[in-house]
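Work out the full structure, taking the sequences as your base and the hints as a guide.
Protein sequence lines, in the order shown, are assigned to chains X and A. Just so you know, our numbering puts 376 at position 376 of the first sequence, and the rest follows in order with no gaps. Just so you know, our numbering puts 92 at position 92 of the second sequence, and the rest follows in order with no gaps.
The hints are simulated quantities; they were obtained by calculation from the structure and are not laboratory data. Incorrect hints may appear among the rest.
[Unchecked claim] Subject to a maximum C-alpha distance of 25 Å in a straight line, what follows is the list of computed DSS-like cross-link-like pairs (lysine-lysine):
| id | chain 1 | residue 1 | chain 2 | residue 2 |
| --- | --- | --- | --- | --- |
| 1 | X | K343 | A | K2 |
| 2 | X | K350 | X | K281 |
| 3 | A | K118 | X | K281 |
| 4 | X | K350 | A | K6 |
| 5 | A | K2 | X | K350 |
| 6 | X | K311 | X | K189 |
| 7 | X | K311 | X | K343 |
| 8 | A | K6 | X | K343 |
| 9 | X | K281 | X | K189 |
| 10 | A | K6 | X | K281 |
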Amino acid sequence: MATDAHILPLARPAPRGILRSLLLTLPILIWSLLMLFHPGTNTDPKSRIAAALTAIFMTALFFMMMRTRSTYRWRRYFFVSLGILFPIGFIHNLLVMRGFMGIPVEEMIAGRTPFCFMPIPLLILPAAFTRTLVFPGSILGSQHGIAAMVALWLAITLVMGKGWCSYACFFGGIEEGMAAIPPRAKIRKLDTRWRYLPWAVLLAMVLLSLALFEPAYCMWLCPFKAVTEYVAARNALGLVQNAIFVLLFAGLVIMLPLLTKKRTQCSFFCPFGAFQSIFNKTSIFEIKIDPAHCKPCLLCQNACPNLSLSKESIARGETLLSCMKCGACVDVCPRQAIVWHIKGTEIAWKPERARLMFLYAAWAMAVMFGGSIITQGVATILHFLV
Amino acid sequence: MKISAKLGYTAAGATVLAALLTPFLLMGTFSKGFVALGLQVDEVYTGGPKVRAIPMGAYSINVHRPVYQHFLQSEKPFVQLDWRPVSALPQRVSDAVDVDGDGQPDLRVSFDVPRDPKASLRVDVDSLNPRYQAMRNAGKERYSRLIVRVDNAILVRVPLANP
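This is the structure in structure tokens:
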């Protein structure tokens, strides 16, 4: 392995001109206005202001991505905002509708439990064997219906593969924000075998969901129940479930990211993330390492928020299957050896073109899905402030 | 440019196009495709399909098909009965219900109807047919054994004794 002295950084690409960056940003501005101001939404002034702020925010971030030619830190502003604002908007909605965060049995029977994407892999086997969905929601329903969320997940997955975890997941931003707080990691050595744990959790939860005929992960292990919608604790069992949610949230989403500067819940626990990894195989966009330029300094490995690079994978010139396409490794590489890549093309042949194509697709999805969530969160804050 | 690179760029372009078409076309198409699969939400939550309604004057009792458990599901088999509309119910309901439609009452179900829609409910069920379990002062302990108010109906679920 090369020491730092051997790493001769290539010249960083110059910032793109302002006019050219503005031109490249223009489609995203139009898209933001189209998505956040479409008819039937934002009827009250606070929601309109929230939508306008969101459109400016998303467009400004994209402009900075164009201008600086870097991705990760601008995407992170969006993603952390999404992670913080989603619970604010969601909890406010719950409090307005039912007065508390717990899911009462009446709401489950009425099919009014909002469906998030987490249970999608858990529904597959019960649906295949019995044509039954093991979730107390409704199949139809414009906002939180199962069909709408599955359709959205499928579309975003087709476009981004596991990029979902960096541009669409409304939970990951909390731990990414936590990981960004400390200047350096207190725990630096992480046993890479923990990377297999999400697959084990996925397998266990899929089989348990089939056997017990309930969304086992949502019932027992989802850390984000602590900040969204917990099980109404009607008995001792409910108390145990809620205690598990809170402990997992405190440990995996707050404490460990602060100590390791990694997205620990995503890296070591999330079964949906493991499931989503499979779709990196079907996505046309990927991250590649150009062996001609790479001196294995391992800066990329250290920068990766979910341990998707290993010495072996770097030697092979590729990321691991769990890569979330966040761009941290690309931005940190001093020799521009790590590049955005379109499958089938030569590595390092016009990587900026590949990055632009990916970013247009990913940011369009981010504005459509995350933008509406951010708008709701901002509107909630405005509701309390103004 | 190699053919593989041409295919790669074509697929990448198609992906960007798919992203732009998502809110206008793909979401609706995928959503309709999912609905067309004909999947149903688990009857433990929905209570199963309604099989008949028993008119009781101003209100009626809907009788649902019995619900049975799948695999290792912890809920017992049950049958759901709905009293609706709540606004037409007397302060105290005590009805003999013919669940299986053979002309003989199978259960006597008794509960108070509080004016406050958020007030907790309690139900007594006397079993007149050994197929159904009696319940005393039951609330909402389990999906298979409960009384709850959902919108404009009061739902009672009675466990089956001999499924």
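Tested hints:
1. K343(X) / K2(A): Distance of about 12 Å is within 25 Å: holds.
2. K350(X) / K281(X): The given pair, whose Cα atoms are some 22 Å apart, holds under the 25 Å limit.
3. K118(A) / K281(X): Distance of about 50 Å is beyond 25 Å: violated.
4. K350(X) / K6(A): It holds: about 14 Å lies between the C-alpha atoms, which stays within 25 Å.
5. K2(A) / K350(X): holds, 14 Å
6. K311(X) / K189(X): holds, 14 Å
7. K311(X) / K343(X): Judged against 25 Å, a Cα distance of about 22 Å means the pair holds.
8. K6(A) / K343(X): Between K6(A) and K343(X) the Cα gap is close to 10 Å, so the pair holds against 25 Å.
9. K281(X) / K189(X): Violated, at roughly 29 Å.
10. K6(A) / K281(X): At roughly 19 Å apart (the allowed maximum being 25 Å), K281(X) and K6(A) satisfy the hint.
Of the numbered hints given earlier, the model fails hints 3, 9; all others are met.
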